[in-house]
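There are 2 protein chains.
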Amino acid sequence: MVFQTNLERKIIENEEFLNKAESLLPVLNESYITPIQLVEVLPNKKKIHGWEVRSIDSVEQLSKMDFGKGDQVILDFGEHLVGYVTINITPVGSPPDAPLHLKLTFGEMPIEVAEDFSTYNGVISSGWLQEEVVHMDILPGILKLERRYSFRYMKVEVLATSPKYKVQFQKVVCKNVSSADLTAVSKLEHSDKMLQRMDQVSIKTLVDCMQEVFEDGPKRDRRLWLGDLRLQALANYATVKNNDLVKRCLYLFAGTPDDQGRLAANLFIQPSVIADDTYFIDYSLFFMDTLVDYFHETNDLVTLTDLWSIAFKQIENSLQFLDSNYLFKGEGFFAFIDWAEGLHKETATQGILIYVMKKALSVAHLVNNSHKLLLEETIPLLVEASKKYLWDSEKQLFVSGPTKQISYASQVWMVLAGVFSAQKAKETLEKLPSTDAIEPATPYMYHHLVEAYLVAGDRESALDRMKTYWGGMLEDGADTFWELYNPKNKAFSPYGHHLINSYCHAWSCTPTYLIRKYNM
Amino acid sequence: MVFQTNLERKIIENEEFLNKAESLLPVLNESYITPIQLVEVLPNKKKIHGWEVRSIDSVEQLSKMDFGKGDQVILDFGEHLVGYVTINITPVGSPPDAPLHLKLTFGEMPIEVAEDFSTYNGVISSGWLQEEVVHMDILPGILKLERRYSFRYMKVEVLATSPKYKVQFQKVVCKNVSSADLTAVSKLEHSDKMLQRMDQVSIKTLVDCMQEVFEDGPKRDRRLWLGDLRLQALANYATVKNNDLVKRCLYLFAGTPDDQGRLAANLFIQPSVIADDTYFIDYSLFFMDTLVDYFHETNDLVTLTDLWSIAFKQIENSLQFLDSNYLFKGEGFFAFIDWAEGLHKETATQGILIYVMKKALSVAHLVNNSHKLLLEETIPLLVEASKKYLWDSEKQLFVSGPTKQISYASQVWMVLAGVFSAQKAKETLEKLPSTDAIEPATPYMYHHLVEAYLVAGDRESALDRMKTYWGGMLEDGADTFWELYNPKNKAFSPYGHHLINSYCHAWSCTPTYLIRKYNM
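Line by line, the protein sequences are chains A and B. According to this note's numbering, the residues represented by the first sequence are 200 to 719, in order. According to this note's numbering, the residues represented by the second sequence are 200 to 719, in order.
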């Protein structure tokens, strides 16, 4: 499950682009949020992950409670936050004759403040588990945590005071941060209250992921991933309209190609802009899609022109992986597509390539006529190849790979690529539930499935999927939408343990876009 | 073992005195120390606490070593340090895609970097155990630890990196701090190399405890204790001669009496000067002793005059505890004297009272004639009472309490009080080893025993005790002298666990004073 490592790849930085990105660095909006109640988290098999939150006292009681060694409290901030916590700590009893030793644990979900992190055995670094162990030598004092946390619940455990003193936690406050301006969002009044709530939670998810870049998740990985950016940008256009942040992110990617012109799957922003050494064909291609969406939204021809070459380069790179039949061939972890286990990705990638090339063609006449001609020539060849070699006329479904694997992903991307008419697309998608097709594993793939239904004119299936999927998360207590959700296996994690999953995740924020764009 | 708690006592601050103390705040001297080797700590029953340090590599190798999850290294700085550590950390491999999670453990002694702190079950707060757990979100980076540590050994454990990267520790450096100026110390060239080394280690112990005040121990409690201050001042006069620091500490104590005029056993310096709510008769009395020593050393009559009243007040307070026979009576944990278990303290306290009154009398004519007269009248009454009621003429030893307990402490303080002639004092002390007298438990009491031998003219026994006691620590590997040392039980701790003992402790720093003052 470790992504690619490409230690030898060489980055060719484009300083002009990076400077432009730097000039678009947003100022973060800050708000100060205090907890709303004291809670306990108890085992309950009927609740998500087996844990239930119960209120035990009002937050006003906190400052009257004395905490000695072994004591703990869980604070509920009432909503998902991304920010910096400070706690005013006052000693009670004799002058403190030993350092205070505290452990703080932050949870987006109840499980994170209920289960011991030492039980974590997943493949992703345990460094992401949000906890801090601190000593305070001087009391009274203000504990100002330097790291940013993504959480709703905060557990405070006193590891040590001394026999002579205890402590009280007076002011507890979180400086919440986001580069999004919520006042720009028109309120959606929907007759369907679930959709109305889904819209709100989508926006909250988006807003909490909007920091100095569009992050994938503020808990983990806190990074600018191209696949997430593309969806975040769509939700952004429908709501907070911070289009300069999209522009900034486009310039960041464009500023850090490798010597083959490839754009990385994600960027690190600190200590400086660094392209990760992971490359996914689908993500690289989506740079063009995101650029064209941005242009359609803003009519910013300067940016389109600036970034066209590097965007088109991703298409050119992908075309090199076509075989003589115009079929895309990939090796290793060449594309992301979805976390679905065992998924064969060539057919889906073929669909994405066609989809992106068509998107590019929609604006190519404005920037590069020879590219336009190339697209016009090549797209039909890929479409025909898809129909000829990837369509199983017996099953009436697209297949992928030597085992002729059937998956939602393959159908969805061929539908989004417009390989067939809407009617035939609808029929294809309708067939899927009765097959053993590999199902979507992530909100990311569910988004594409829903959009495929809508493109195929099947609003009913789209709505149904949204209600069972994102609606399911709402029923399971989501304050923000999750990185991963499998209604049939709610402990699912591609990382070996659901403690490490992100519960406010960018690629899950699209219902607001789907609802608003398609008037759901 | 918890000291007194006096939550109701009221402090009457003397602002003038506290301002004077503040004006004497020293500037700390800084030096930058790097580790000398990489070591491992292995079980060895013949070594102190059962642990032996073995060199495994030169420190130059460190920056070439890659550390991933679960890896660790122990750095040996070659000497005892008090300061602030910084580590330059560089990632190796792919760009770091998860926070680095590190645990750092600091040890004055090998055991501290060998045994798991979770095994600690003593009565003193585990908050003193020197460890830090930190996350670093941005790499490369400089880990700058904000807390001060007292140590020779530093263990670095990598709790998490990620599968995609490891780290290297490049520069590791400790900013060592002390308010002492070592260049003021005349070097002692002694024909006895053990005494020469003992002198050096004493001075190092003193210097490492000299910070913004004379601390008792830089690991624990990092506080200004009156009993320790008195001995530190003596070692200071013999060596680094930072007499202003003694003056500052005198003014700090004088600035924070309670409403009965009592001086606390110790002061906290941060966040502001706070008198602890622990009061020991012996420690309060030693304020006068320390003041008179300071005056003898400096001829600073202004300070003597300034602080005389509060110093004399401690004597007046103590006299209230005399019964009609002029015998001191105490209840509870009224005096410290020593950590020896079961020690009855009234006779020793009687001795301390006489000793301090005599010391006061030596300068009383310069400041307060009526006090002088009072002392002249009272001292003989206490001396006579001691001889009459506390001397067991059959055993030819001082006894204490209803069980007529025999202890080193009782004899030592009666000798130091000069109740008998030197010859009789010598005979008294000579009798002790053949009795079942309660023995000294701390370097603090050993200091008084050695000085009692010297006052009694028994240089041989004094030297013998120094060589077996502090010399024993040297043979057991002391870089600085320890808070506690029992050659017969090297794991002794009055706190229930020797992990929490301080291994650089002020009250153990006096050999340099004894050697230099008495020309040992």
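Just to be clear, a hint being listed does not mean it is correct.
To be verified - Once the Cα atoms are required to be at most 27 angstroms apart in a straight line, the calculated BS3-like pairs of lysine-lysine come out as:
#1 B:Lys268 with A:Lys354
#2 B:Lys374 with A:Lys354
#3 B:Lys374 with A:Lys343
#4 A:Lys268 with B:Lys302
#5 A:Lys209 with B:Lys365
#6 A:Lys374 with B:Lys365
#7 B:Lys623 with A:Lys302
These are computed hints drawn from the structure, not numbers from a lab.
How the hints compare with the structure:
no.	hint	result
1	B:Lys268 with A:Lys354	holds (26 angstroms)
2	B:Lys374 with A:Lys354	violated (35 angstroms)
3	B:Lys374 with A:Lys343	holds (24 angstroms)
4	A:Lys268 with B:Lys302	holds (21 angstroms)
5	A:Lys209 with B:Lys365	holds (20 angstroms)
6	A:Lys374 with B:Lys365	violated (32 angstroms)
7	B:Lys623 with A:Lys302	violated (60 angstroms)
Checked against the numbered hints given earlier, the structure breaks hints 2, 6 and 7 and satisfies all the rest.
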